[in-house]
Amino acid sequence: MTLPPEAGAEAEAAIPEAVLAGAGPTEGRSLGQIAWMRLKRDKVALAGGVFLIFLILVAIFAPLIVKYLGYPPNEFHQELIDTAGGTLEPIGRFGGMSWDHLMGVEPVNGRDIFSRIVYGSRISLLIAFLATLVSVTIGTTLGIISGFLGGWTDTFTSRLMDVFLAFPLLVLAIALAGVFPDQAFGLQGNQLRIALLIFIIGFFNWPYIGRIIRGQTLSLREREFVESAKSIGARRGYILRTEMLPNLIAPILVYSTLLIPTNILFEAALSFLGVGVRPPTPSWGGMLSDAVVYYTQPHFMFWPGMAIFVTVLAFNLFGDGLRDALDPRANR
Amino acid sequence: MNHSRSWRVRSLAAVGVSAALVLAACGGGGGETGSQQGSSNQSSQAAFDAASAGIVNPSDKKGGTLKFANSGDWDSLDPGETYYQYSWNFARLYGRALMMAKSAPGKEGAQVTPDLAEAPGQSSDNAKTWTYKIRKGVKFDDGTEVTSADVKYAVLRSTDKQTFPNGPAYWDALLDLPSGYKGPYKTPNMNTDSAIETPDEYTIVFHMKQPFAAFDYLAQQPDTMPVPKAKDTGAKYRNSIVSTGPYKFADLQPGKSFNLVRNDQWDPATDPNRKALPDRIEVSLNVNADDIDNRIIAGDLDIDVAGTGVQPAAQARVLQDPNLKANADNPLSIRLWYTSIAPTVAPLDNIDCRKAIQYAMDRTGYQTAYGGQFAGGDLATTLLPPTIPGHTDFDLYPNGQDHKGDLDAAKKSLEACGQPNGFETNIGYRAERPKEKATAEAFQQALSRVGITVTLKPFPQGDYFAQYCGLPPYVVKNKLGLCVNGWAADWPDGFGFLSQITDSRVIRETGGSSNISVRIPEVDQMLDKALTELDTNKRNQMWGEIDKRVMEDAVVYPGVYAKALLVRSKNATNIFVSDAQSMYDYVGLGAQK
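Heads up: the sequence lines are chains A and B, in that order. Numbering follows the working numbering, with no gaps: position 1 of the first sequence is 48. Numbering follows the working numbering, with no gaps: position 23 of the second sequence is 46.
Because the hints were derived from the structure by calculation, they are not lab data. Predicted, not measured: the structure shown is a model, and the values here were computed from it. Every residue gets a Cβ at the ideal spot worked out from N, C-alpha and C, and that includes glycine. Some hints here could point you the wrong way.
Taking lysine-lysine and the DSS-like style, the derived pairs with C-alpha atoms no more than 30 Å apart in a straight line are [said to hold, decoys possible]: (1) B:K205 with B:K252; (2) B:K159 with B:K252; (3) A:K114 with B:K434; (4) B:K162 with B:K254; (5) B:K232 with B:K209; (6) B:K427 with A:K114.
Calculated from the model, a selection of chain B residues having no Cβ within reach of chain A, i.e. all distances over 12 Å [claimed, not checked]: (7) S94; (8) D96; (9) Q134; (10) K156; (11) D199; (12) G203; (13) P277; (14) P370; (15) T478; (16) E532; (17) G534; (18) P544; (19) T559; (20) K593.
Computed from the model, here is a short list of chain A residues facing chain B with C-beta under 8 Å [unchecked claim]: (21) I128; (22) T130; (23) G132; (24) V155; (25) G321; (26) P326; (27) V340; (28) Y341.
If we strip away everything but chain B, and leave its shape as in the complex, we get:
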């Protein structure tokens, strides 16, 4: 987790604006559900994966206590500097951003809905200016009313990456901030109206450097949760957060535990999105991961906050016991595990040689390497996971009934490429990741069937993108034809998912590229065009077209759409997984006792 987050942040900082939009590969991300949610919003009986399809144990009963545990610690509880999916999910309990990911099962949960704002953003100036009206009567937990200045302050302070290194970096890249602006601590007197205006107490206007059609997704980030300037303590604010949501902090012991208790200043009349069922939420930090699994199975604990699924020990136990399995969920996430095929490395500069790899690889081997159909994920044939709007099902390189590879087609492609006896190439992967190692070994095995000899090249993950797979001259020099990789979006949106891995302009010859192999000028243009399209449906359709165009070039081998195996709490009610969170929706949960 951590590793991917840190490189994500780094890559952002260095990338230009358009690039900055999306990031991915976050570690905490879990999965969500998408495919099987025909019946969203209906209550379901306790059955395997029921919470991905609807609400398990629906309830409106208030009261009770939920117990959460985290095998590590938050990067930060400060809404201005947190970047884990689970943290964004959880932050909605104590803070109200302008928009929020809807607390609803399945696909509905992928939508954003007004939270602190009265309505979705109004755009003008060709999607470069966005205006929000905020609700009246929303109060901090000390009783003062939230104004647009508090939101502006919160966004501006989050741009200070020296004080808040952990958070996303969209605002500094996208907002039209005056040059030399270093955040409200270091440059307190600078006029920032060119970036954010607050014409009155309930109106806030954002000015961007470039069109950004899906702005509402930005406005749902926790860094738009208001922060009162008078009570801001900079980097220490994470331990004394002033709440605007239905819960506030109590007994916070950094690195150990904290509780959320009801915030009496929260007025349900201003908040159509939250039921706020439990009276109290207790969170323990730095608990052994296997211990967490066992306690959830035993019923002592309700939720593993990270939401990335159980450990291998519990996985085998849950899958083998029908009773345990009936109380587990298996949501699909917004993450794709894939392998890049570098068109810069001979003979893979020939599309037919790339196709030979597409046909010859054993896709089930890829799935098994990542943990199989439950803990690993579903077989992927496209870039966009089914949980991201715009995904369409297509398979340009069908690899046989059993998905173990179509060797005849592969041999034909090899002949077309002029390498009928196969060729030699190398595969890079992150040495610290056993699943990537297993994937590389699976490639070696599967491709050897058609004479393609693959040599494994493990690299340290800290420098994987900076010095190895993400450094184009190194890739060419060392003939790294294949690089094992993965990507997840910050929110379920095509741009968020695609831009950093398919836009050839984010490839940096000096290293650090998240896009390793996609160099198609046409795709760059398609991305730019989609960015100015304000109609959501049309935009989503455009993402699907980009996906297909990239696959036509055979420069990416999609492996699996990631899934997580989650164990359902015995005490919790109203349990469901939303597409945006890819894990249980923490705002929706209630407690029996």
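Bound conformation, chain A alone:
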């Protein structure tokens, strides 16, 4: 559940080339414009994209949203819990759903689930985005160098990727997060946990994108425009920056978008296993983990599960659409 997609494993997609037809005057359109046009036609991907923007806004404005529609995420509402009967379930139908508590309340302590979901999005997105950034930075750098230089550099980097890919990542993550002290590198508590999660998830996922970039670089390096740049004496650094990188933007963008949801799932899995952020800070995986004991209270599991599901789906739909739009050669 936690492994990023193998490069090119899903080779679907792409809007037929009909895009170009019927699109009015044929004068100069940049690649970006063409891609944007294709993307606009892919309503599913667009919906995914819109949802993602919405989600990011929710995460950014969480305190404001919760102020008007919820309660402080860690506040107890035990008056809404059936303590008299001893079941400790929320009073009322569907887990105590009401206009006050839009998604009901948690059993036992009565915390507002809506507020926790909203705040949980911050943790999920923050960790997923930053971890992806780490992976992409390392993966792109090493991928380009490896593919462009070739030789022993390539051999070494490729073997390094193999080693990383063979790592039992989940086991390593659990062990690392379990033994890490409470204070390190000038950070402590939850800051340290978040930094640690970003590092674990980001650092060990780079080979997936690294391999793709290496493959792309290998084919680009033999192309005529590179040859010609070489022949007129351009230096390596110049070629890398101005000839290669712009041509790699598309795969980088696509795989970043597809890496984010796997990272969200991975973060949720780690929180579920108890090595994520520290309670009572809400996170979706942690909420799921809390809910397992109360499987007679489906609402408790439904909302965080739904949040993860919808977010991951939106990222994947958007990522697929983006790939189709940017890669005219891929066929549906």
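Following the hints, position chain B against chain A.
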């Protein structure tokens, strides 16, 4: 369960003698009843918690089959190495120790009564030497008569902790064994008369290193159940136990199931304590816990052996259905869930700051964290649970009518402490335990009302005492002002309950302390004094005084006296809960069919 047991054993091994006395925190422990047993021994109608108050479906009818199930497996069926409360309860069906917990409802069940012995132990040498006469005519299931040598052998073999790692460790700590003694397997020829003498076939004399006034409680442990040396197979004996009780083993399939059938060598004339009603007891092992609950409710199964209560799914079902609820019991156990307040961590070194926590905490929040009034337990204001003799009701820090905290008193205490705006501290808990997590969150919420900011610190439970809350320098360095904790006694006795959590001499600077926060020299002296007091009533009174003295220092926040929600069998008769077992008394049960 398991976890707590293992640390208990570990802590024992390392502790000195006086410390060794009691252990606790056993996992299997369930609860018992204490408060509402005015009418013990009277039969009761089927009503909620009726078996805690008296006998449900009293019967003398012999015959029938009882079906037990265990969601796990025994640590060991060998009486010499078993340490779960339910196992001690169950072992009385197939073995006879010198003394036994009385098979009687409620408080009467907390007493110990002679079983293999003719009478309670006779002490001499200032409670250091204890003598028992054993009954004549008691036989093993192969027909040979039990002698005092068999009891001595059983006790000695149980001290071999390499062969029997699971059992309690009292004997090796307390008996005056020769140095270098490693049990009858490794040191078979060593003379052990300095520890246990058998002057004749029916007399056994124990010599202790220190006074131990409540010796009869030790003598009721299953490790005094006789073992015939000729048939002992060491660690494998658990699969071929020779019975002395009314039942013996049949069709034992390790890890799967076994049956108990009548032992024809058992003579009721030698045994005033057991009715031995059912003909047969069938036990299944490793059965899904939710499945057990459902089958008991449906009537396919009679008893969940572990006796710790139903799972959350069945709990909601039972509590919501009046018919099911009328057939459930809710006994109180000999366990307290509490939180230590460390006087070594500033500003909690000031008693008023500790009092502020006592006043500000929402006790009902603590109760809810542990599962509410039925599955969790009763609100606690003392260390000793009501089921332990010596318990007195007192509440030094009343926290309001609704027990949700007395914020005014808390603020006054904060002012007296010089921290009128509150302070910051941390709370440690075992990450694997959702109830402790909920408790820590409840502390955070409740204390924030008076400005005390609490940060949660989850720790792995395996090292909780060795490296975190039980390691005093770590507590100080990391400002662990609060540590969520729990404790249960091996038997309903004040010493058993208090010594390991209130004696400051058991605090180990190198880690592994079960006592996290109580450092009161006066309490140490009170414990020593009580240990030599032979008068049971006076002794019990002394436990109550220690309890109060500890609470005066506000170093412990008592949360709940644990309770268990048990579903009563449809087929069983003579159902009752005894204070010593905190669950159904398995010796008393009968069967309709």
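Now for the hints, and whether the structure bears them out:
1. A distance of roughly 16 Å separates the Cα atoms of K205 (chain B) and K252 (chain B); the hinted pair therefore holds under the 30 Å criterion.
2. Proposed proximity of K159 (chain B) and K252 (chain B) is supported: the alpha carbons are some 19 Å apart, at most 30 Å.
3. Of the supplied pair hints, the one linking K114 (chain A) and K434 (chain B) holds, its CA atoms being roughly 28 Å apart against a limit of 30 Å.
4. For the hint linking K162 (chain B) to K254 (chain B), the alpha-carbon distance of about 14 Å falls within 30 Å, and the restraint holds.
5. Straight-line distance between C-alpha atoms of K232 (chain B) and K209 (chain B) comes to about 23 Å, which keeps the hinted pair within the 30 Å bound.
6. A C-alpha spacing of about 26 Å is found between K427 (chain B) and K114 (chain A), which places the hinted pair at or below 30 Å, so the restraint holds.
7. Under the 12 Å C-beta cut-off, the non-interface status given to S94 (chain B) relative to chain A holds; the minimum distance is some 15 Å.
8. Its beta-carbon lying about 23 Å from the closest one in chain A, D96 (chain B) satisfies the requirement of being farther than 12 Å from that chain.
9. Even its closest Cβ contact with chain A, about 31 Å, leaves Q134 (chain B) beyond 12 Å, as expected for a residue assigned away from the interface.
10. Its beta-carbon lying about 49 Å from the closest one in chain A, K156 (chain B) satisfies the requirement of being farther than 12 Å from that chain.
11. The beta carbon of D199 (chain B) sits about 44 Å from the closest Cβ of chain A, which is more than 12 Å, so the claim that it is off the interface holds.
12. Distance check for G203 (chain B) against chain A: the nearest CB is about 39 Å away, which clears 12 Å, and the non-interface claim stands.
13. With a closest Cβ-Cβ approach of about 31 Å to chain A, P277 (chain B) is found to remain outside the 12 Å limit, as its non-interface label requires.
14. Distance check on P370 (chain B): its Cβ is at least 20 Å (rounded) from any Cβ of chain A, clearing the 12 Å threshold; non-interface status holds.
15. Once the 12 Å rule is applied to beta carbons, T478 (chain B) is inconsistent with being away from chain A; the minimum gap is 7 Å.
16. Distance check on E532 (chain B): its Cβ is at least 20 Å (rounded) from any Cβ of chain A, clearing the 12 Å threshold; non-interface status holds.
17. Every CB of chain A is more than 12 Å from the CB of G534 (chain B) (nearest about 16 Å), matching its label as outside the interface.
18. Annotated as non-interface, P544 (chain B) keeps its C-beta farther than 12 Å from every C-beta of chain A; the closest such distance is 33 Å.
19. At roughly 36 Å from the closest C-beta of chain A, the C-beta of T559 (chain B) stays outside 12 Å, upholding its exclusion from the interface.
20. Annotated as non-interface, K593 (chain B) keeps its C-beta farther than 12 Å from every C-beta of chain A; the closest such distance is 22 Å.
21. For I128 (chain A), the shortest C-beta to C-beta distance to chain B is roughly 7 Å, which falls under 8 Å, so the interface hint holds.
22. With 8 Å as the threshold, the beta carbon of T130 (chain A) comes within range of chain B, its nearest partner Cβ sitting at about 6 Å, so the hint holds.
23. Against a cut-off of 8 Å between C-beta atoms, the interface hint on G132 (chain A) holds, since the closest Cβ of chain B lies about 6 Å away.
24. Evaluation of the V155 (chain A) hint against chain B yields a held restraint, the C-beta minimum of about 6 Å falling below 8 Å.
25. Interface hint status for G321 (chain A): upheld, as the beta-carbon distance to the closest one in chain B is roughly 6 Å, under 8 Å.
26. A distance limit of 8 Å between C-beta atoms decides the matter here; for P326 (chain A) the minimum to chain B is near 6 Å, and the interface restraint holds.
27. Because the smallest distance between the Cβ of V340 (chain A) and any Cβ of chain B comes to about 6 Å, under 8 Å, the interface hint for this residue holds.
28. For Y341 (chain A), the interface hint holds, since its Cβ comes within 8 Å of a Cβ in chain B; the closest pair sits about 6 Å apart.
The structure fails to meet hint 15 from the earlier list, while all remaining hints are met.
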